[in-house]
Amino acid sequence: MGSVGQDDKSRAAWSPRGGLWSLRGTLAVLALAAVASGCAQGGDSAKVRPAPGQQPLKAPPARALDAYATKLRASVAVAKRWGLNRAPLAAPAPPAKKPRITTRKGFEVDGHEERGLPPVFTTIPTQQKIVFLTIDDGAEKDPAFLRMMSELKIPYTAFLSDYLVKEDYGYFKRMRDRGVVLNNHTLHHPYLPGLSYGRQKREICGMQDVIEKHYGKRPLLFRPPFGNYNEDTLVAAKACGVKYAPIWNEEVFVDHWEYREWDRRIHPGDIVLSHFRGREEWKGTMPDMVRRFLNKITAEGYAVARLEDYL
25 MGSVGQDDKS RAAWSPRGGL WSLRGTLAVL ALAAVASGCA QGGDSAKVRP
75 APGQQPLKAP PARALDAYAT KLRASVAVAK RWGLNRAPLA APAPPAKKPR
125 ITTRKGFEVD GHEERGLPPV FTTIPTQQKI VFLTIDDGAE KDPAFLRMMS
175 ELKIPYTAFL SDYLVKEDYG YFKRMRDRGV VLNNHTLHHP YLPGLSYGRQ
225 KREICGMQDV IEKHYGKRPL LFRPPFGNYN EDTLVAAKAC GVKYAPIWNE
275 EVFVDHWEYR EWDRRIHPGD IVLSHFRGRE EWKGTMPDMV RRFLNKITAE
325 GYAVARLEDY L
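If you're matching positions, the sequence shown starts at 25 in my numbering and goes up one per residue.
Derived from the structure by calculation, the hints contain no laboratory data.
Take the hints with a grain of salt, since some may be wrong.
[Said to hold, decoys possible] In silico DSS-like links for lysine-lysine, alpha-carbon gap of 25 angstroms or less: (1) 104 to 122; (2) 225 to 237; (3) 267 to 122.
Build the full structure now, drawing on both the sequences and the hints.
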């Protein structure tokens, strides 16, 4: 029996149809590969031992194929239910050795690294096509957003301000219970460089206290409001137990993207910002924003990874 060529398999697996990869083509490739493997063993796998280093099949190829097909169909169905062009790509496993995080060049304050101040960064060092979604403040509390992110299994990181969160601490508890890490965005979202060191410290440490009281853990991540900070900000953040001060490289809205870089493109490891907003301030909902975000990164071959797994 002839074998399936690599070019033939690639054409079958990657034929687009209606914005989604062809499930039929993918299953055909796997089925032909399983048949070819059986022919190579002379049709009697019980009498043929695996080559050295290979692992024997734990289930018949047809059963493994059925399981894969079921999982793929479920992923496609969920993506379709939420109006996505394609099912989101799965992120790779986080690295066993975490990357070294340093402050982006030009974003330092005096003595930044020597004093061990929290690094300020817009991108995680990686060659993998992943991005990190972060969402700020807590103004909108949309139950559909929680359902969408849970069903699609999309990780994200929240940076919360108490003056907005206190309207419904329970909403963010449900978010935390779904595995989302809740981080510090100050008590009242002020322009921090305009405040004294003491007032900055009260804004940051006060929010640490709020998150610990309501959600059980003091955050390690802090994002200064508007991305604005000075030396006092980072000294105060360190004194409050903060280890990292991530900002962002792109911002996604319900109807457009904004970029920090001149090339107006996303890059491996970029941190993407959005906000908890709804129709009162946007021309749409948070699920609408997520659709815009996921459709773009998926079309460009990116997956969403969990920021805390890289820190």
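Results of checking the hints against the structure:
1. 104 to 122: Roughly 35 angstroms separates the two Cα atoms, so the pair is violated.
2. 225 to 237: holds, 18 angstroms
3. 267 to 122: holds, 14 angstroms
Comparing the model with each earlier hint shows a violation of hint 1 alone; every other hint is respected.
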